[in-house]
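Starting from the known structure of chain A, arrange chains B, C, D and E on it as the hints suggest.
Spelled out, the chains give:
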Amino acid sequence: PLRVVSSCRLVIYTFPFDIQNCSLTFGPYLHFATDMRMIQGLTSEEILKESQDVLQTNGEWELAGISVAPSTLTLDEGGYSEIKYYIILRRRPVLYVVNLLIPSCFLITVDLFSFLLPPQTVDRSSFKMTLILGYTVFLLIMNDLLPVTGETTPLINVFFSISLALMVASLLETVLITNIQCSSSQYNAVPRWLSVLVLRYLAVVVFLPRKKKNNQITVFLNPSLIAKNFSNTDISAIQLQPVFGDTPPVNPPPEPALDELRKLSRDLLAIRLQVDKHFQGSETSQEWQMIGIVIDRLLFGLYIVFIAVSFITIICLWSNHYAA
Amino acid sequence: PLRVVSSCRLVIYTFPFDIQNCSLTFGPYLHFATDMRMIQGLTSEEILKESQDVLQTNGEWELAGISVAPSTLTLDEGGYSEIKYYIILRRRPVLYVVNLLIPSCFLITVDLFSFLLPPQTVDRSSFKMTLILGYTVFLLIMNDLLPVTGETTPLINVFFSISLALMVASLLETVLITNIQCSSSQYNAVPRWLSVLVLRYLAVVVFLPRKKKNNQITVFLNPSLIAKNFSNTDISAIQLQPVFGDTPPVNPPPEPALDELRKLSRDLLAIRLQVDKHFQGSETSQEWQMIGIVIDRLLFGLYIVFIAVSFITIICLWSNHYAA
Amino acid sequence: PLRVVSSCRLVIYTFPFDIQNCSLTFGPYLHFATDMRMIQGLTSEEILKESQDVLQTNGEWELAGISVAPSTLTLDEGGYSEIKYYIILRRRPVLYVVNLLIPSCFLITVDLFSFLLPPQTVDRSSFKMTLILGYTVFLLIMNDLLPVTGETTPLINVFFSISLALMVASLLETVLITNIQCSSSQYNAVPRWLSVLVLRYLAVVVFLPRKKKNNQITVFLNPSLIAKNFSNTDISAIQLQPVFGDTPPVNPPPEPALDELRKLSRDLLAIRLQVDKHFQGSETSQEWQMIGIVIDRLLFGLYIVFIAVSFITIICLWSNHYAA
Amino acid sequence: PLRVVSSCRLVIYTFPFDIQNCSLTFGPYLHFATDMRMIQGLTSEEILKESQDVLQTNGEWELAGISVAPSTLTLDEGGYSEIKYYIILRRRPVLYVVNLLIPSCFLITVDLFSFLLPPQTVDRSSFKMTLILGYTVFLLIMNDLLPVTGETTPLINVFFSISLALMVASLLETVLITNIQCSSSQYNAVPRWLSVLVLRYLAVVVFLPRKKKNNQITVFLNPSLIAKNFSNTDISAIQLQPVFGDTPPVNPPPEPALDELRKLSRDLLAIRLQVDKHFQGSETSQEWQMIGIVIDRLLFGLYIVFIAVSFITIICLWSNHYAA
Amino acid sequence: PLRVVSSCRLVIYTFPFDIQNCSLTFGPYLHFATDMRMIQGLTSEEILKESQDVLQTNGEWELAGISVAPSTLTLDEGGYSEIKYYIILRRRPVLYVVNLLIPSCFLITVDLFSFLLPPQTVDRSSFKMTLILGYTVFLLIMNDLLPVTGETTPLINVFFSISLALMVASLLETVLITNIQCSSSQYNAVPRWLSVLVLRYLAVVVFLPRKKKNNQITVFLNPSLIAKNFSNTDISAIQLQPVFGDTPPVNPPPEPALDELRKLSRDLLAIRLQVDKHFQGSETSQEWQMIGIVIDRLLFGLYIVFIAVSFITIICLWSNHYAA
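Residue numbers (the numbering used here), protein chains in the order written: chain A, -12 to 311; chain B, -12 to 311; chain C, -12 to 311; chain D, -12 to 311; chain E, -12 to 311.
Treat the hints as calculated values from the structure; they're not laboratory data. Just so you know, even glycine gets a beta-carbon here, dropped at the ideal spot from N, CA and C. Mixed in with the good hints, there may be bad ones.
List of simulated lysine to aspartate or glutamate pairs, DMTMM-like, C-alpha gap at most 20 Å [as the list claims (entries may be wrong)]:
1. E:250 - A:242
2. E:71 - E:47
3. E:36 - E:64
4. E:36 - E:47
5. C:250 - B:47
6. C:36 - D:63
7. B:250 - C:242
8. E:264 - D:270
9. E:36 - A:63
10. D:36 - D:22
In silico contact screen, one side only, chain D against chain E (beta carbon under 7 Å); selected entries [as the list claims (entries may be wrong)]:
11. 83
12. 85
13. 99
14. 103
15. 121
16. 159
17. 163
18. 243
19. 245
20. 256
21. 259
Looking at chain A on its own, in the form it has when it is part of the complex (with noise of 0.2 Å):
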């Protein structure tokens, strides 16, 4: 009955999935090996039974097995004859599993998600942040569970700062969005390439066949028609014709209804073409929004595209060192 604590050297690179191999080393350093020669008593296989039926509180490790083997250690003196006993140990990945890889898988497909979120009229960038927000409480959760002993990072600790690569690559992607669609009214034309690659090639490439734009304007009654008549000539002028100088030349006698009944008529129009604008934005806003929508839906493939092959990558190294 002797308590012995020893050290062994992790190799946490696999961390939740990972299998250590200890050596513990007896021998009889007073006695040469010509003296005294160690030798095993219970095959391997008796010694693991026996260990696994006394081991009691094993905690997070399972004994997966023992192997013996006689060395010899040699020095210039003389050699000692010495049993090496092979422990693995292999770490019960439950816990770790259900508290920080299922967690964190549900956040990066909500992530994923969000990006169905209409990034103007919910906002967007604000859940995101909230998301980013409980990742980093999350990192709290993670550094009080993962060991710090080793050599190499482990495998996991990749995982998170990809996870949290990708949300704040995607966060930053729909403030990029949200500012392309809200701030769109400041910004000028759509260059005419941007236009052409954006709309014309890439929104086939993400489905988003290109709006005809007949049907739209089959409710709204084509107002490019009017602004087109106004646009060549000075509006002011024009306003101001039929209130000073135009109604005389048109109808000689000053006939009060039909001057109302243009004023009305002026009135009117301003009143639709603010509506119009309103409802509906100006043409190079209109552009402004379909390219952040096709950028977006692009961004959201590749990003798909990212996270799969990384995620599989992962999962991949688990396997191999796990079945290993």
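Just chains B, C, D and E now, kept in the frame of chain A:
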């Protein structure tokens, strides 16, 4: 007066309601059973009573019972007489119920009720995201309180994982519904089969009778009629006609008042259509929104059923183990 | 100079205001009471005074009193003379009051005041969710500070649980009210009994006199009148008549100006009804919203009453124990 | 080479800037002062210099000074010659300033600036709630860093409590203002005394001169005039007259065009009033909002004053103790 | 086989990239240097190689080098021969880079990008507040990981403080801009010098050419003209004239149709002005908003410059120390 530190294999499957059975074995390992025999001096009731008197700082463990049994450790060379004390310890669950289970149930209840929030007007997805953030903070508390010793994963971990999964699932559902409701204007027309399936059959399942359209039409004075009139022909032509070509044949004399009236009428119609479209959305959009509502309610029902089944199962498991 | 570690059964029912009574028993267990008798050398006041002088790092405990009593431990073979020192330790509650109770009361106050936020315009449910999130973080702090030793659950745990329960309840109430306010347009008409019960009787209880409708009508020029005119007959028919068949019989000569005016009138009426409907909502909707307001205020009242009763009870319990 | 663990009564009133004075007493308690006398070998400067050289891992404590004084412990039987070393330890405050005070001041500053957010358009209450949530997280950090040993509550705790109280107070103020601004349409007219007190006197105090109404009226063409015209008589009657009875007496010949014009005029007036009401709110509502703005600014001023006074007091206390 | 616990003065100025130099001194302090002389048996390379083979659980420290030097401790009575081993330990920075620096840089990047969010439409201040909240959670993680031993404040603390300060500064800036943008309607006219300074000179600095007003006017048909017409005279008088006194002199015969038309015209003008005002804001308001945009962009530029300079400085300091 001797302090003995012993270890005990914990069975934490039913964690906050668990009962541990630890054994203490006393024996004179210097003398064989033929030389010395251990017999118990007090009955187990007396020992229990005395122990409970003496026990002071029992913390979260309550001494539930002690049973005594003599046994013999038989080795090849002879046996040792032993006495085994089985100490039944019952964990006081109040702390964990108050700090873990009750807040968790509260959060789940909030998640359940959040289905009542209208997904369009209020930002339901953001609400649910904050809820999940709160739950993550909560998992942080849990990790400090939960024991990590033990082979099996405690049932409470399953409980928390299911809760988190449900929350995430309901968040994803909300994102989906929000997408249907907000982006519906970009969608194509609802496929026929989907419309029939959802609006006719599923709507009945969720007690949401299809709204009679007539009631609603009484208010906005069917624009579909107007739209129908303009849909066959080219709108812009119609618009242009009164301006350039159509007026002369109808009114040979250049009647300016009538002209103004026609302009007025045209502008007003444009405004009216714009307003109608804004306040009511297109037919397609409305149908998609209706589908969103039906699916939302359907999944809400499924969610309730699933929650109920999961939690009843877990409570049954707990109560079984606690009673046993 | 001998360091003795003793343990003391803590009574933490009134946790941050608790007073512990620990006993130290000294006795010569090698000599029976007949041989050696323990007598106290100093009065308990002297001991207390000297102890307080000597005591340096008392941390959160304050030595409140020491009382001394000789006693005898009687066994079968004879008794031992003992002296028992009862050490009264009073916990310094300032740390816990400042870190736990005051912030908790602050959060409860905020929750109380948040009823003042209008549930429609501002996102009250989201506000309350953030509040609950803050409270969860707060429970995290609490778990680090609270003692876990002890049989009974401390009253402060009950306090926190009630606070959390109240917050959750008020959040659920808010969700419900929000649902009534926002989704009311999808509801059927208010049932007669509910309307009478809530708007006539409960509204009086919460000092919310039913608004006189007339004042409001002066502004929007009763659309119910117009709606009534159109409700009996088929609207679409009325709409169609001026366009196709109705005009000829009324005006035998094809008077185009009048025709245009009628179109104008029709469109304007449509816009007006649309605008009225938008700004004011339907009658049913308004009634539901009124019900929502009444219930909101009623539950607010009940909430205040419940909070007051709970906290007065808890404070009474604490002050009783602290005074004792 | 002897390791001595001593304890020292910490005075943590001025916590991160505190200076501790610990004493170490050495004496030969086997020999009376008559037999053996302790004299110091080195001056206190030499000791200090040598200690500072030797001291390696001083962590957060800096050895500020050592003073030496011989003393005598006088008992009844005789005295012992002692030497007392007073060790002055100064805490390095940088860690706490960087981690506790600076972020806390940042949060307070944000809270102060958040008064600039318009309570109506942006959700100021939600902003402040998030701020308080951040402060709660912050208290969590604080609890890990703050010492709990000591009798008095450190001044930094008072600092944090005042900060939290100020934040909560400003949040409550915001909720109140939001209530006034958003729910003002449900309120009764502003009481005369309140209107005079707030709008005439307090408005001057906060440099917010009452807006001249005329400027605003130039834009919306005083609807109060129209409202006045209709306020005396029953609106519905006026409305009905043109439809049923009023038109015949005015125009004996059934002039349909005029009839249509009157209908047009009526509808347009209704829309205009609706739009006016929407964009501008009622008189009462406007007055309440003005009161809200004045009170908001007034409390903002008080808040600044209170913050300034509190923090200057605390800083004075700290600097006094640090200098001493 | 002797376990020696030694302490080493850590220099944590360049914390996660630090290299520690610890010395171990061995000497026979029973024998003077004249009697016994310590000489090193192996070269420092051999010692290093052997140590690295033997070293197993090195955790976060990597043995970078060992150098050996004989020395002599000279006292008055004689000297002791000593051997000093200098052990160079290099910290493995991966853990800290992954857990502290990368997420921190991510958050800073998000903060930088959040300037792209339009301050008006989306709630940018709320977004930034959540970001700061996330950073606070992050400081919590940092406090668990950072070493507290050491005299100097590590550079990483400065890094975090600067990051937090930048975030808070940008939040304050956002609040200010939001105030300018949202509350601009309450402001007085822009002072002349401010307008010239910001809109003419600063706008050029930030590549934001002043918008030509004409383009915008083409859409809403210059209301300033109308406003100018009404600004000289009393509007209410003009309004009243057509109703009571003005119509009779113009049209001696009571022409009801013209009367109705005038009423129509007046109402429509009122609506038009209201709509214009709503969609476009007043001149002053627009100018303030323009100023807000210019300042926002200017401070954004300064922010980028400051961030760049700070981080390049810190990285230079780190790389210098790491290379050394």
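Tested hints:
1. E:250 - A:242: With Cα atoms ~17 Å apart, residue 250 of chain E and residue 242 of chain A stay inside 20 Å; holds.
2. E:71 - E:47: violated (24 Å)
3. E:36 - E:64: Violated, at roughly 38 Å.
4. E:36 - E:47: This hinted pair holds, its Cα atoms lying about 19 Å apart.
5. C:250 - B:47: violated (83 Å)
6. C:36 - D:63: holds (19 Å)
7. B:250 - C:242: holds (17 Å)
8. E:264 - D:270: holds (19 Å)
9. E:36 - A:63: holds (19 Å)
10. D:36 - D:22: Distance ~32 Å between residue 36 of chain D and residue 22 of chain D Cα, so the pair is violated.
11. 83: violated (10 Å)
12. 85: With a closest approach of 5 Å, the residue 85 of chain D hint holds.
13. 99: violated (9 Å)
14. 103: At 4 Å from the nearest chain E Cβ, residue 103 of chain D passes the 7 Å test, so the hint holds.
15. 121: holds (4 Å)
16. 159: Hint on residue 159 of chain D: violated, closest Cβ of chain E at ~18 Å, above 7 Å.
17. 163: With a closest approach of 19 Å, the residue 163 of chain D hint is violated.
18. 243: The hint is violated - residue 243 of chain D has no Cβ within 7 Å of chain E, the shortest such distance being about 11 Å.
19. 245: holds (5 Å)
20. 256: holds (5 Å)
21. 259: The hint holds - residue 259 of chain D has a Cβ within 7 Å of chain E, the shortest such distance being about 5 Å.
Consistency note: the structure conflicts with the earlier hints numbered 2, 3, 5, 10, 11, 13, 16, 17, 18.
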